[in-house]
Structure formats: C-alpha cells, structure tokens
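Student: Sequence:
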Amino acid sequence: MSSLPTLLDRNQLFSEGFTDGDLPILPKLRSVILTCVDARVDPAHVLGLELGDAVVLRNNGGRVTDAVIDEIATLAFMVAMMEGDAKGGFEVILMQHTQCGAERFADPAFQTAVKAKLGVDVSAHAIHDHTQSLQGDVARLRDAARIPGHVTVSAVLYDVQSGRVEEIPSPAPLR
Numbered sequence: 044m045s046s047l048p049t050l051l052d053r054n055q056l057f058s059e060g061f062t063d064g065d066l067p068i069l070p071k072l073r074s075v076i077l078t079c080v081d082a083r084v085d086p087a088h089v090l091g092l093e094l095g096d097a098v099v100l101r102n103n104g105g106r107v108t109d110a111v112i113d114e115i116a117t118l119a120f121m122v123a124m125m126e127g128d129a130k131g132g133f134e135v136i137l138m139q140h141t142q143c144g145a146e147r148f149a150d151p152a153f154q155t156a157v158k159a160k161l162g163v164d165v166s167a168h169a170i171h172d173h174t175q176s177l178q179g180d181v182a183r184l185r186d187a188a189r190i191p192g193h194v195t196v197s198a199v200l201y202d203v204q205s206g207r208v209e210e211i212p213s214p215a216p217l218r
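The sequence shown begins at 44 in the working numbering and counts up by one.
Hints were generated in silico from the structure; no laboratory data involved.
Watch out, some of these pointers could steer you wrong.
The list that follows gives simulated cross-link-like pairs (lysine to aspartate or glutamate, EDC-like), each with its CA atoms no further than 16 Å apart [what the hints assert, rightly or not]:
#, residue 1, residue 2
1, K71, D96
2, K71, D150
3, K71, E126
4, K71, E93
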C-alpha cells in the first residue's frame, strides 16, 4: 500500500496555513547540514530547524563523498555569485548518528556482498568509529581544493537513544 495519500493529506494541511512563500534562497542560518538518510535522523526535528533555516544534504551514513564535495563547492560558488563576493561564506555541519546502518559497511563480508551484487564499493564510507569518521570527513573537505578555505566546518554526533547531539570538532574554517 502506498503512503502517498497520507503524505498528500498532510501537505494539504501544511499548504492551508502556508505563509513562507517569500523565503530567500540562501538559508537564514547560512548552514549546510550533511546527515544520514536514516528516518530517525531528521535535522529539522533534532536541531529544531524551521523552513528556510538550512540546506540539508543526506546520504548513507552522512559521509563526505565526491558527490557531496561537488554539491558544497557548487553551493559556495552560487553564494559567492549571488552576493557579488568572492567569499560566499557559510558553515557545513556534518551530522552522523549512533546505531547507523553504515556501521555495517565496516564488515568485510557485507562489503563483499554489496560489491558482488551491486558493483558498489562501500568500504570508503564504512563507519568504524564515529569520531574518526567525522574527523576524516572534515579532513576530506579541507583537502578538497574546489571548496573555498573560508567555509566553516563542524561535526556532531547524534545519539538516537537519548536525542542528544555531541560536538566532535569545534567549528573552524577549512584553511
């Protein structure tokens, strides 16, 4: 059975009181949040975001991939062009979570099965330790020449059991 009718009914209720049609393109908090696709990890709920507060990118594990680097570099360029400023500053917040399915990517048997069945190598996105993964992803952004050094990056770990968020590295410019 499709969940679309339920979602369309919810949208009807949302649209009846909708008053935010004039929100600017650039997010109010000048933030891009990268997080996991896990349904338990919705940054709007976890971080109390309102419509228009932040750009949210999601993928398996909330990991910095080549596609994420492309997205962030493009957003930085777009912000700079819109503001007529070479800086185009904003903050990237990496948000991983406990009990993540991407922790399974660390299992060699799982990696082999995914590679054999789908031709996808998940080993680079395996989460062995969240602190190390987040620090590695911050370093990956720092090493990405296409992302301007003035972009600020921080990382947090969300605990799905307690609802608490823990800051891992403090916010800092990439370079």
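Student: For the pair we were handed, K71 and E93, check the Cα-Cα distance against 16 Å.
Tutor: Given pair K71, E93 holds - Cα atoms ~9 Å apart, limit 16 Å.
Student: Quickly compare the C-alpha distance for K71 and E126 to 16 Å and report which way the hint goes.
Tutor: Holds: K71 and E126 sit about 14 Å apart, inside 16 Å.
Student: Can you confirm whether the C-alpha distance between K71 and D150 stays at or below 16 Å?
Tutor: Not OK: K71 and D150 at ~40 Å, beyond 16 Å, violated.
Student: Given the hinted pair K71 and D96, is their alpha-carbon gap at most 16 Å?
Tutor: The hint holds at about 5 Å.
Of the numbered hints listed earlier, the single one contradicted by the structure is hint 2.
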